[in-house]
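Trainee: Chain residues, written in single-letter form:
There are 2 protein chains.
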Amino acid sequence: MRVGETGGYSAAFFTMQAMGLMAAPANASELKLPVGSGKGVRVAILGGGVAGLAAAYEMQKAGFQCTVLEARHRPGGRNWTLRTGSVIEFDDGTKQTAAWQPGSYMNAGPARIPSVHKTVLAYCKELGVPMECEINTSRSALLQNDHAFDGKAIEMRQAHNDTRGHVAELLSKCMRQGSLDQEIGKDDRDRMLDFLRIYGDLRADAKGNYVYTGSNRAGVSRMAGAGNQTAELRPPLEMHALLDANFWRGMLFEEDFDYQATMFQPVGGMDRIPYAFAKKLGNLVHYNAPVTEIRKTPNGVRILYKQNGTAKRVEADYCICALPVTMLKTIANDFAPDVKKAIDATTYNDSFKIGWESKRFWETDFNLYGGISWLSTGPISLVWYPSGHLLSETGVVLSGYSGERNSEFGRLPNMQAKLDASRAAVEKLHPGFGEQLQKPMYVPWGKIPYNLGSWANVGGFGGGGGGGRGRGRDGGGRGDAPPQPASGETPYQTFLKPDDRIYFAGDHCSHINAWMEGAVLASHRVVEMISERVKSSAGAKAAAV
Amino acid sequence: MRVGETGGYSAAFFTMQAMGLMAAPANASELKLPVGSGKGVRVAILGGGVAGLAAAYEMQKAGFQCTVLEARHRPGGRNWTLRTGSVIEFDDGTKQTAAWQPGSYMNAGPARIPSVHKTVLAYCKELGVPMECEINTSRSALLQNDHAFDGKAIEMRQAHNDTRGHVAELLSKCMRQGSLDQEIGKDDRDRMLDFLRIYGDLRADAKGNYVYTGSNRAGVSRMAGAGNQTAELRPPLEMHALLDANFWRGMLFEEDFDYQATMFQPVGGMDRIPYAFAKKLGNLVHYNAPVTEIRKTPNGVRILYKQNGTAKRVEADYCICALPVTMLKTIANDFAPDVKKAIDATTYNDSFKIGWESKRFWETDFNLYGGISWLSTGPISLVWYPSGHLLSETGVVLSGYSGERNSEFGRLPNMQAKLDASRAAVEKLHPGFGEQLQKPMYVPWGKIPYNLGSWANVGGFGGGGGGGRGRGRDGGGRGDAPPQPASGETPYQTFLKPDDRIYFAGDHCSHINAWMEGAVLASHRVVEMISERVKSSAGAKAAAV
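First to last, the sequence lines map onto chains A and B. In this text, residue positions in the first sequence follow this note's numbering: the first is 1230, and each later residue adds one. In this text, residue positions in the second sequence follow this note's numbering: the first is 1230, and each later residue adds one.
Looking at chain A on its own, in the form it has when it is part of the complex (with noise of 0.2 angstroms):
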C-alpha cells in the first residue's frame, strides 16, 4: 500500500504487476498513428477479415491511402455469422442455404471473446457495437462417455464436485496418516485439514475422518420448495467411475486463461464487428475482388485481382497480406524464397461447425443456458448451446466443433453421415430431443473457398505459433514461451519480416492464433513497422533535399 500512497495510481499499478499480482494490460502502447503521417502514401490491403480491416481503419485515421481487396461479397472473413438466407458453398460446389427464424444465428467462425483481448474490446467499444455476456461454461452442462455411467450424461456440477470431493477426501486421509508431515509443516497440518474439509465441503465420520459423502454443489435430486418440499442431495459419483469416464478436458476447459466462464459476444453475431469497421472503411474496400497476381515493383508492389470477371489491378507504395496462408499457396507472387519456402511449410487445420435450429428443450427441460456439453466418445465432441436470445423459443445450437482430418467424424462417408452423428450427439446428452433438430448447416472451414482451413497449424510454425487455440482444444496446456527450434528460421519468423514493401498480417503473425485478438494485434504491429518506415524515409528525402 505504501507505494500506492506515496507513488500514485501509476506507481502502485505497475509494482503490482511486476510482482504479478496484477492483470496486466493487454499491451505495452495502444496503437497511436500520428494524424497525416501517412498522406500520399498508398497501401494496398489483401483480405477484409478482421486483420485487413483493423489495419486500413488505422491508416485511414492516419491519413494513408488504403485499398483493401476482398475476395467475397462480406467483409470478414472466418468472422461470419450463419442467419437465415446465408448460403454456404464449399469448393466442390456443394450448397447449404440456411432458412431460419428471424433471430437465429450462427457464428462459424469466432464466437467469443475473452475479457483479456482488450483491443479486440476496445474497438467494439470504438465502433459502437453492442455487447453481451457469452456463457463459455454452465455447471448445467452435460458431459458423456459411451463407456461410462452406462453411457448417461452427468451434470457438470457432478462431476466437478464430486471429484473435488473426492479428491479433498483422499489428501485428507495421507495427511492423517502423516504421510506429507515432510512436506506439509506440523503448523499447516491442522489449517490443511480445515481447508480440505470446505474444500470438498466433507463431513466427519463417527471416527472423526474427513468423508464425502455429497455436496448441494453437486446438484440435487429434489429441488427445495414451499411448505414441507425440502432439497434432496444426490449420492456422489464414484472416483473409479469418473476415472473410466475421463471427463477431465470438458471439466478443466474453463480455467484455461482465454476460455473463462464468462466471456463477450457482439449482440446478434460476431460479424457485427467487421460490418462495423466495413461501414467506417465504405467505398476504400473492394468486395468480390479476388487477389490473382501479388508483385513487386522498383518502389512499391502491384496488386492484380479480379472483379466481377473483370482483370484489374492496384498500385501500391506498401502492402499488407492479411490473407490466410492456404491461400498464398494459389497466388502467384514475387515472394522471397524463404517466404515461399513458409508458405510451403504452413498447414492449416480444418475444424468444422456444425448448427441446427431447434426449440431451447436445453433452457426449458435441462436448466441450460450456453455453456457446452462434452462427449468423450464417439465422432461428436461437444455441444454448445447459444448464449443470445436467452429464454426464447428457438436458437441455433452447435453440434460439433473441432478438426476433420485423421480423425473419427472427417472419417465418415459423407455430409448425411456428418448430420446423422451430429444430431445423435445432441440425442446421447439429451434422450429424445435429438429429433427437434432441424435445418442443419454445416461449415468445414477445410471445403470453404478463400479459407482452405480454420487457423494455422501451431506444429507447422516450428514452434511460433504456440497461440491459444491449440490449447484450449485438448484442454490443459500451457501458455509460457514455445521452444526455439534448433537452428535455422521457423515460418512464424519469417512472416514476421517484410519481404520487401509486402507485410504479413493475421493471428498467424501472433501468439494468439486463431483469435481476433491475434489479427488485430498482427495489424497494429505491421502497421507501425510501415509508419515507422515511412517517417524514416521521409526524413532521408528531406535531408537529401
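I should point out that these hints are in silico values taken from the structure, not numbers from a laboratory. Among the hints, a few may not be true.
Identical copies go unnamed one by one, so any copy, or any two together, can satisfy a pair.
Here are the simulated DSS-like pairs of lysine-lysine, each with C-alpha atoms no more than 27 angstroms apart in a straight line [claimed, not checked]: (1) K1347 - K1381; (2) K1261 - K1588; (3) K1402 - K1415; (4) K1525 - K1726; (5) K1354 - K1668; (6) K1347 - K1588; (7) K1525 - K1268; (8) K1324 - K1676; (9) K1436 - K1402; (10) K1558 - K1570; (11) K1764 - K1726; (12) K1588 - K1354.
Using the hints, position chain B against chain A.
Mentor: Frame of chain A; chain B shown alone:
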C-alpha cells in the same frame, strides 16, 4: 439408452431423473387454478412484494376478487431498484436521495436469479420482462486479506488454480509413495496419476514426480501478443501463504447450487419484475396503504389500513398475509396464540448494501466484468461489480453486503464511518481507485420502514427455513433437509398452517428462504390451499341445497 428408445422421451427422462443423473424440474407441478373457480370469492392480500403480487396475479386469473394492500408507493417490497431520484428513508428519518447517471442503478434487494429458479424465470417470460446474464463470479475477481500477501489482492484465477495445483501435487506424491494403495486399487493408480496431472496442470520433474510449477490457468504476468511477444507465467502462490489467506469462502461460493457463475437479471433492474406484475394487476393494488389491524370475522377477515391519512377497511372471505414477520409484530391482530408465539419467536437478519456510482475502472483496468471480489479481513466482506451495461462509462459498484448485528461493520459509530469503510475496501482491492467512488447509497434493511430486516433468520425458524441464503453467506454447507426439533412445532411449521381464514406466504414459508423463488412458490402453495377449500365448501353448499 434402451429406456429412451422404447419408452419415448418421458420414460427416459423420469428414469434418469430417478437415478439422480439429470436436473430435476424445479417443481412437481405448475400452478393452474381452474378459470372462474374463484368467482365471487374475496381475498385480501397483505403486502405487494413478490409473494403478494404473484398470489394476486394467479388468483385474479381464476376469477377471485383480490385486493392487495401495499404500504409503500411502489410494488416489490424488498425487490427494490435504486435509480436517480430514489429516496432511502430510515425509520429514524435519515434520508438519502440517489443522483446518478441515467442507466446507473442498484438492486437494493434481490439481484440475481439462478437458472434453477424456474418459477420466477417462467414469470419473467410470461410477463415479458427482458432478461440478461448476471455474472456472479469471475476469475478476474480479487481476493484480499490484510494478513496475507502483504495485504495485496490476488486474482481468483490464481487462488483457484494454484490451490488445485498444490492439492494435485500433494495427492500424487502420496499415491507414488503407496499411501493410498488400499483406497485406490492398483488398476486405478496410474489413471489417478494421469488425472491429477491434468487436474492440477502438473509437470513431471527429472525424477518423474508430478510437480506444480505454475499454470496459464492462474493467469499471466505478460500477455501474449503479435510478433515476438510471448506470454509469461506467474510464479505460483505457495500453499502455506494460501492457507494464511483463508480465501475459501469467496472461492467456493460459486459452486453452491444456487450461486452459479452465471445467473439471470432483468435488463435495467430487478424491480422490472414487480412492476410487470403490478401492470397486470392495475388498480387491484392499493399503494400507500399500510395495514393497521388484521381481524377475524365469523366468515372471513376484516383488514384495517390507512391511506393518505384516512382509515379504511377491506372485508374479505380469505386473507393471504405476505407481510414480513417483523411487521406482524407491530400490527394489531386476532391471530391464534400459536401464531402470536411464532411471530414473537421469529427474528430477522439485518443485511445492508452500499452502492457507489463510479467510472468502470474495474473493467478498464482490471478486466473485471461482473463478479464479486472478497475481503477476508475488515468490516466489508465483498465488492460486487455490475453485470448490466458492460463496457459503458459508469456503473454502480456494491461495496459491502452482509449482516450488521454483532459485526465489525455494525459496530462502526455512524453512517460516515460505514461509507468510509466501504470506500476503503475498494481501495484495498484496487489501490488508487477508491477515490473514484461517488454518491453512495446505503441500504440497511434493519432500518428500512415496512421491512425492519432483510430475511427471516433460519435459526429463528428452528430448522424450518433451511434456505439458500444462510448457506451462501458462509460458503459451503449442505442443502439437505434440516433436522426436525425434538418436540413441539417450529415457527416455520406454524406459518405453514392457515390461522382460520388467514394464510401465510413469503419466502419465509419456503425452504428457499430469502429468494424470490421461495416467495412465489409459497404463494402458489397457499393459493392452491384456498382454491381447494373454496371448491370443497362450494361442494358442501351444493350438497346442502
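Trainee: Could you tell me which of the numbered hints above are not met by this structure, giving the numbers in increasing order?
Mentor: none
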